[in-house]
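All chains, please: the whole structure from these sequences, using the hints.
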Amino acid sequence: MLYQFHEFQRALLSPLTAWAQAASKSFANPASPFAYVPGATRLSAGYELLYRLGKDYEKPEFNLHQIVKDGRNIPIVEQTIVEKPFCRLLRFKRYSDDSDAVTQ
Numbered sequence: 224m225l226y227q228f229h230e231f232q233r234a235l236l237s238p239l240t241a242w243a244q245a246a247s248k249s250f251a252n253p254a255s256p257f258a259y260v261p262g263a264t265r266l267s268a269g270y271e272l273l274y275r276l277g278k279d280y281e282k283p284e285f286n287l288h289q290i291v292k293d294g295r296n297i298p299i300v301e302q303t304i305v306e307k308p309f310c311r312l313l314r315f316k317r318y319s320d321d322s323d324a325v326t327q
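Per my numbering, the very first residue in the sequence shown carries number 224; after that it's consecutive.
In short, the hints are calculated from the structure, not lab data.
There's no promise every hint is true.
Below, computed lysine-lysine pairings styled on DSSO-like, alpha-carbon distance capped at 27 Å [said to hold, decoys possible]: (1) Lys278 with Lys307; (2) Lys282 with Lys307; (3) Lys282 with Lys248; (4) Lys316 with Lys292; (5) Lys278 with Lys248; (6) Lys316 with Lys282.
Here is the structure:
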């Protein structure tokens, strides 16, 4: 329920976020007459902050395929242990046919 409320709030804020980005650019652009209004840099910074708070950020991938231990490359595999609306608990497990590498 909490996650759905959070997503609903983000959906409601998306037009305001787009407007804040446009306003920030208009107050910061030297070709714009709004850039010469007293306090334009502060207004631009405030709108930039509002834009950054409301925009969606992509979650980066880990892209871990192997690790180096004692000079040896050991392949690993990413496993999702628990998946919740806000997070995923990941485990990076050794993936090897070598019994010495697996038991360590």
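Against the structure, the hints:
Pair hint lysine 278 plus lysine 307 holds up; C-alpha atoms about 22 Å apart against a cutoff of 27 Å. Of the pairs offered as hints, the one joining lysine 282 and lysine 307 holds, with about 15 Å between alpha carbons and a cut-off of 27 Å not exceeded. Note on lysine 282 and lysine 248: the hinted pairing holds, with a Cα-Cα distance of about 26 Å set against a maximum of 27 Å. With a CA separation close to 14 Å, the supplied pair lysine 316 and lysine 292 stays within the 27 Å bound.
The suggested pairing of lysine 278 with lysine 248 holds, with an alpha-carbon distance near 15 Å, which does not exceed 27 Å. Under the criterion of a C-alpha separation no larger than 27 Å, the hint pairing lysine 316 with lysine 282 is consistent with the structure, at around 21 Å.
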